[in-house]
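Visitor: Sequence:
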Amino acid sequence: MTEPIRPYPADDHDHHDDLNNLGLQADTNMLARSVLDRRHVLGLGLLGIGLLASNRVSAATGAACTPIPGETAGPYPADGSVASGQSLNVLTRSGVVRRDLRRSLGTGNVAPGVSLTLTLKLVNTNGGCAPLRGYAVYAWHCTADGNYSMYSAPVVGEDYLRGVQASDAGGNVTFQTIVPGCYPGRWPHIHFEVYPTLASATNARNRIQTSQLALPQAMCQQAYTQPAYGSSARFLSQTSLSRDNIFSDGSAAQLPTITGNATRGYSATLTVGLAR
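Residue 1 is where the sequence shown starts when you use full-length UniProt numbering, and the numbers rise one by one after that.
To be clear, the hints were calculated from the coordinates, so they are not data collected in a lab.
Some hints could be false.
As the list claims (entries may be wrong) - Label pairs and their calculated CB-CB ranges:
hint : residue 1 : residue 2 : range
1    : Q238      : R93       : 34 to 40 Å
2    : A130      : L198      : 15 to 21 Å
3    : T225      : A169      : 35 to 41 Å
4    : G127      : T107      : 41 to 47 Å
Glycine residues also receive a C-beta, built at the ideal position from the N, C-alpha and C atoms.
With the hints as constraints, model all of the structure from the sequences given.
Guide: Written out as structure tokens, the structure is:
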């Protein structure tokens, strides 16, 4: 599957607020959860699918040991591979191994947007879902207004919203970032690559998996009411997971569980299954 190079979005402030219409897909994904996870979600009320009174949003994930699908890195990876006619590589820059992705390493500028704490749990699908310790994850995504640092003209001099973390004993990597915006032709998403060691996370040729996670509709609709998101609400209303060129063949294993709201920020967790 390919991810097209997109035009830069024009500014717009339309927004939509239907936070409860997650539909059949969320119901189906609920059945794929473990028993303990279902009990947790059920405890949130309304199967944890709708927006709760506290503005908590939940989205189902795939089964714990489901291998994460391989996906394209897209045209803006900055991982040493040739993309968009360039061989940019943020992975060799000092400071790229970091938890907080919001500040640009080069300029110190901070990417605006709603706070998002992203945790990916790496597990071995060939080893009873045992956590994978010492692996590295490189994560990157667009800005609130749909641009990519190092590539898009408005932010070509920035390198924020990109960074690397090594997995801990529980297989977890955690990034502090923002909710990505939505741009024409794509559902809101976050790219990531997995490397066997932190030392090897310097060039795409060493990666063992490339994938993307899809952000739940309810969270995006709520976050995109904030001023930093420009045209994102309008672009979101013009697409869907079923029409997205990456997620149209299925996204159950790529939808994280979300809690929080646009005021306090969100937390997203996703189990990333790797056959090791």
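Visitor: Hint by hint, say whether it matches the structure.
Guide: Do the hints match the structure? See the list:
1. Q238 to R93: 34 to 40 Å: For Q238 and R93 the Cβ distance comes to about 35 Å; the hint holds.
2. A130 to L198: 15 to 21 Å: holds, 19 Å
3. T225 to A169: 35 to 41 Å: Once the Cβ atoms are compared, 39 Å apart, the range 35 to 41 Å for A169 and T225 holds.
4. G127 to T107: 41 to 47 Å: holds, 43 Å
Of the numbered hints given earlier, the model fails none.
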